[in-house]
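Chains as they are written, first to last, in UniProt numbering: chain C, 1 to 446; chain W, 1 to 314.
Quick caveat, the hints were computed from the structure, so don't treat them as lab data.
Take these hints with a grain of salt, some might be off.
The calculated DSS-like cross-link candidates involving lysine-lysine, where the alpha carbons are at most 25 angstroms apart (straight line), are [as the list claims (entries may be wrong)]:
no., chain 1, residue 1, chain 2, residue 2
1, C, Lys307, C, Lys381
2, C, Lys179, C, Lys153
3, C, Lys248, W, Lys169
4, W, Lys84, C, Lys438
5, W, Lys84, C, Lys234
6, W, Lys84, C, Lys439
7, C, Lys247, C, Lys259
8, C, Lys259, W, Lys169
9, C, Lys439, C, Lys231
10, C, Lys197, W, Lys169
11, W, Lys169, C, Lys267
12, C, Lys179, C, Lys254
13, C, Lys146, C, Lys345
14, W, Lys222, W, Lys118
15, W, Lys169, C, Lys419
16, W, Lys84, C, Lys419
17, C, Lys67, C, Lys85
Ranges between beta-carbon positions, derived for each pair [unchecked claim]:
no., chain 1, residue 1, chain 2, residue 2, range
18, W, Gly102, C, Pro297, 52 to 60 angstroms
19, W, Phe66, C, Glu70, 33 to 41 angstroms
20, W, Ile165, C, Glu186, 32 to 40 angstroms
21, C, Asn200, W, Ile131, 29 to 37 angstroms
22, W, Tyr67, C, Glu255, 25 to 33 angstroms
23, C, Asp151, W, Tyr54, 30 to 38 angstroms
24, C, Glu255, W, Gln203, 54 to 62 angstroms
25, W, Leu297, C, Pro297, 55 to 63 angstroms
26, C, Glu366, W, Ile165, 54 to 62 angstroms
27, W, Tyr67, C, Glu241, 30 to 38 angstroms
28, W, Phe66, C, Trp369, 38 to 46 angstroms
29, W, Asn249, C, Glu43, 46 to 54 angstroms
This one's a predicted model, so the numbers in the text were calculated from it and none came from an experiment.
C-beta: ideal position from N, C-alpha, C; glycine also.
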Amino acid sequence: MYKKLSKTLLASSMAAALLLAGCGGQDSAEKSNAAPKKDDPNEEVTLTFWDENAGPQRTPIWEELIKRFEEENPNIDVEYVGLPKDSAKTKYDAAIAANDTPDVGSVQTSWLPEFSLRDALLPLDSYFEGWDQKDKINAGAIDFNKDIVNDNKLYGIPYTQNLDILWVRPDWFKEKGTKIPETWDEFFTAIEEQTDKANNRYGYTIRGGAGGSFQLQRLMYAYSGEEEYIKDGKSTINSPEHAEFLKKYFALYKEYTPKSDITNGYKEMIAGFDTGAVAMVQHNIGSFGEHSEALEPDQFQAIPLPKTPDGKYVAEGGNTIGVSIFKDTEHPEAAWKFTSFLNSKESQSYWNQEVGQIPTNADVLEEAWVKESPHIQTAFKVYDDPNTILYKPPFYLPEYRSILDSTVDSGTQAVLSGKMSVEDFLDEWATAVEEAQKKYDEHFKK
Amino acid sequence: MSLRQEVNASVVSMKNSKPSKKFKIDKWIPYLFILPSTLMIVTFLFYPIGTVFYYSVQNYDVSAPFYNGFAGLDNFIKIFTQDKLFLPSLMTSFKWVISQVGLQLIFGLAFALLLNQKFRFRGAVRAAAFIPWAISGVLASVMWSLMYNEHMGVFNDLLMRLGLISESKAWLADSSTAFAAVVIAELWRGIPFFAITLLASLQSIPEELYEAARVDGAGRWKSFIFVTLPQLKNTIVLTTLLRVIWEFNNVDLLFNLTGGGPAHSTTTLTMYIAEQAVHGSNFGYGSALTVIAFGILLVFAAVYLRITRFERED
Numbered sequence: 001m002y003k004k005l006s007k008t009l010l011a012s013s014m015a016a017a018l019l020l021a022g023c024g025g026q027d028s029a030e031k032s033n034a035a036p037k038k039d040d041p042n043e044e045v046t047l048t049f050w051d052e053n054a055g056p057q058r059t060p061i062w063e064e065l066i067k068r069f070e071e072e073n074p075n076i077d078v079e080y081v082g083l084p085k086d087s088a089k090t091k092y093d094a095a096i097a098a099n100d101t102p103d104v105g106s107v108q109t110s111w112l113p114e115f116s117l118r119d120a121l122l123p124l125d126s127y128f129e130g131w132d133q134k135d136k137i138n139a140g141a142i143d144f145n146k147d148i149v150n151d152n153k154l155y156g157i158p159y160t161q162n163l164d165i166l167w168v169r170p171d172w173f174k175e176k177g178t179k180i181p182e183t184w185d186e187f188f189t190a191i192e193e194q195t196d197k198a199n200n201r202y203g204y205t206i207r208g209g210a211g212g213s214f215q216l217q218r219l220m221y222a223y224s225g226e227e228e229y230i231k232d233g234k235s236t237i238n239s240p241e242h243a244e245f246l247k248k249y250f251a252l253y254k255e256y257t258p259k260s261d262i263t264n265g266y267k268e269m270i271a272g273f274d275t276g277a278v279a280m281v282q283h284n285i286g287s288f289g290e291h292s293e294a295l296e297p298d299q300f301q302a303i304p305l306p307k308t309p310d311g312k313y314v315a316e317g318g319n320t321i322g323v324s325i326f327k328d329t330e331h332p333e334a335a336w337k338f339t340s341f342l343n344s345k346e347s348q349s350y351w352n353q354e355v356g357q358i359p360t361n362a363d364v365l366e367e368a369w370v371k372e373s374p375h376i377q378t379a380f381k382v383y384d385d386p387n388t389i390l391y392k393p394p395f396y397l398p399e400y401r402s403i404l405d406s407t408v409d410s411g412t413q414a415v416l417s418g419k420m421s422v423e424d425f426l427d428e429w430a431t432a433v434e435e436a437q438k439k440y441d442e443h444f445k446k
Numbered sequence: 001m002s003l004r005q006e007v008n009a010s011v012v013s014m015k016n017s018k019p020s021k022k023f024k025i026d027k028w029i030p031y032l033f034i035l036p037s038t039l040m041i042v043t044f045l046f047y048p049i050g051t052v053f054y055y056s057v058q059n060y061d062v063s064a065p066f067y068n069g070f071a072g073l074d075n076f077i078k079i080f081t082q083d084k085l086f087l088p089s090l091m092t093s094f095k096w097v098i099s100q101v102g103l104q105l106i107f108g109l110a111f112a113l114l115l116n117q118k119f120r121f122r123g124a125v126r127a128a129a130f131i132p133w134a135i136s137g138v139l140a141s142v143m144w145s146l147m148y149n150e151h152m153g154v155f156n157d158l159l160m161r162l163g164l165i166s167e168s169k170a171w172l173a174d175s176s177t178a179f180a181a182v183v184i185a186e187l188w189r190g191i192p193f194f195a196i197t198l199l200a201s202l203q204s205i206p207e208e209l210y211e212a213a214r215v216d217g218a219g220r221w222k223s224f225i226f227v228t229l230p231q232l233k234n235t236i237v238l239t240t241l242l243r244v245i246w247e248f249n250n251v252d253l254l255f256n257l258t259g260g261g262p263a264h265s266t267t268t269l270t271m272y273i274a275e276q277a278v279h280g281s282n283f284g285y286g287s288a289l290t291v292i293a294f295g296i297l298l299v300f301a302a303v304y305l306r307i308t309r310f311e312r313e314d
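Whole structure, please, built from the sequences with the hints as guidance.
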């Protein structure tokens with residue numbers, strides 16, 4: 001019996017030793033990858049691809065594109081990993097911290113500064129320069145991606161662009177003779193006119209829960225026309241115009257909106273509009289798919305956010321999503337092949353038509369479906385206007401997202417439930433941004 | 001033959017064949033038996049706890065690794081001097097634990113007493129009473145969020161029909177009702193735990209004790225106070241202790257029903273830790289908060305067990 005036991009012990013310690021050795025082996029393998037070797041174009045390779053907004057709507061689109069890619073490149077196998085939108089950033093964060101990143105990923109432009117500071121991404125400048133389709137990709141979006149990162153390199157190729165707009169019910173507006181709002185005064189009037197609480201109909205819905213802060217910020221800057229987010233170390237968040245706007249905006253709550261708005265996430269907010277409880281909602285053109293499934297074509301319409309008092313549209317910069325290659329990939333050539341495939345005319349056309357967003361490839365913009373999509377034409381009206389103000393949030397601040405997620409989302413709820421004044425709320429938000437900026441400046445000695 | 005006897009027998013048989021090894025085997029066999037579980041406990045309990053203590057004195061934010069480094073007691077100082085949410089969330093935790101455990105115990109005991117009576121279909125009723133405990137937290141929270149819904153919830157519908165409210169309420173979105181609403185949902189799920197364990201314990205009380213009490217002239221109430229409760233004491237101590245720790249650490253219903261809102265009115269300390277560490281990816285600060293929660297539970301468990309043992313010796 002003793003012999004048996006000692007054998008077991010020996011075997012298990014050997015297994016443990018192998019395990020440890022295995023870890024060590026991986027380490028050294030990673031090190032040798034630091035100098036990438038030239039890929040053999042016919043080598044059998046497997047790429048991992050992460051989607052940052054997986055779900056019943058988008059996952060099948062990616063699967064179809066991957067199928068097409070694998071048919072064209074039989075030696076490359078792409079493994080799709082879908083991350084739910086709300087936890088995608090956290091998953092990427094953990095993967096980068098653990099050096100366990102995918103080869104290729106769909107990465108929101110606002111994450112690029114942070115990921116590049118953490119040395120997670122592969123610069124794509126040389127690949128992009130050598131690509132015969134490079135002139136087709138929206139040059140402004142490419143420049144923006146280079147502009148926002150610390151070292152001004154290109155870390156992501158945008159394949160889609162988005163814009164915050166208002167979705168309205170044209171049938172109800174016509175019925176009550178309400179004017180489709182073009183100014184902020186008309187916006188507030190329309191909400192009042194469309195509210196009919198006796199019939200369970202509200203003029204508007206506020207996203208008071210998760211993710212509401214990002215939309216709130218876009219409304220505030222659209223109202224004020226402020227071009228800078230941070231001026232000489234001071235944030236413009238708590239400007240008097242923003243306070244003025246929020247006082248009017250939050251006063252809508254309960255009076256002209258459902259009471260449960262305070263905890264509204266994306267789903268609840270969109271459901272309010274799609275089930276016919278709400279006449280107008282702020283979101284982006286990306287929810288086109290949901291509206292078209294729930295409503296008749298003449299029951300929803302995209303209109304731009306109202307213009308500033310001096311008649312200018314405002315949009316937040318960097319509202320694109322791109323394909324990035326992660327630095328630890330063992331097959332950068334194959335990864336680029338996939339990245340450029342996703343940005344080809346056919347792929348971008350398929351993806352954007354299915355989702356209902358704006359392609360960045362000039363060839364696709366000429367296609368009939370783009371010209372016949374009223375919501376995409378609405379977005380062009382804003383992006384193509386030479387007077388449109390494009391403000392740039394401080395995506396490079398590592399705390400930027402957590403300020404919006406914790407300070408601003410819960411602050412919004414505090415104001416809506418009457419526990420905090422608009423001024424205190426904005427001051428708290430501005431202070432958090434200013435402190436993060438100070439910390440950043442000290443660390444990077446700007 | 002019990003395990004121990006078996007081991008002894010094999011030791012004896014080996015002693016006969018190889019007498020020189022007897023001493024070593026005797027000494028090592030018990031340790032070898034506990035080795036697998038010890039390894040598991042060390043790997044999955046002690047190691048993670050150790051890392052929490054380690055990270056609590058570090059700046060560790062995975063989204064900003066360039067700021068990471070040794071922080072000393074900075075995280076703790078920040079918690080006690082600057083953090084506006086620490087104390088309120090700790091208070092919410094206390095409110096949550098006391099209301100949950102107290103109400104669950106009272107209702108659970110009442111249920112157990114009822115189910116201990118003899119009546120028709122007792123088996124079926126008992127099975128039905130335990131269903132909430134078997135339903136997963138996520139499923140339960142989906143059901144409750146539908147029932148509380150402002151537009152189509154069954155509560156609003158019922159209360160309006162009864163004429164108790166004139167317009168529908170957003171139960172989970174109003175900071176004056178959100179906490180109570182979640183307490184009711186969790187209560188529904190937690191009562192069966194007390195009912196099951198107390199019922200099991202009730203069934204083990206010998207009938208003779210009640211007979212003796214009756215002979216001594218005790219009515220129902222006196223039998224309950226002087227027979228039932230003392231007999232249930234050990235079960236009550238154990239279940240409340242477990243439940244306090246579980247409820248303190250509970251997040252599923254809170255997380256799914258209100259997410260800690262509106263305006264942090266349902267944010268318990270555990271929810272706050274999740275917000276900091278999991279959502280904010282600020283693991284250093286989250287770890288420091290966890291160390292404090294760990295300390296609170298440790299002190300509670302020690303004091304609670306001391307008090308109850310003191311009573312037993314009495």
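**Request:** May I ask which of the numbered hints given earlier this structure violates, with the numbers listed in increasing order?
**Result:** Hint check: 2 and 22 fail, others pass.
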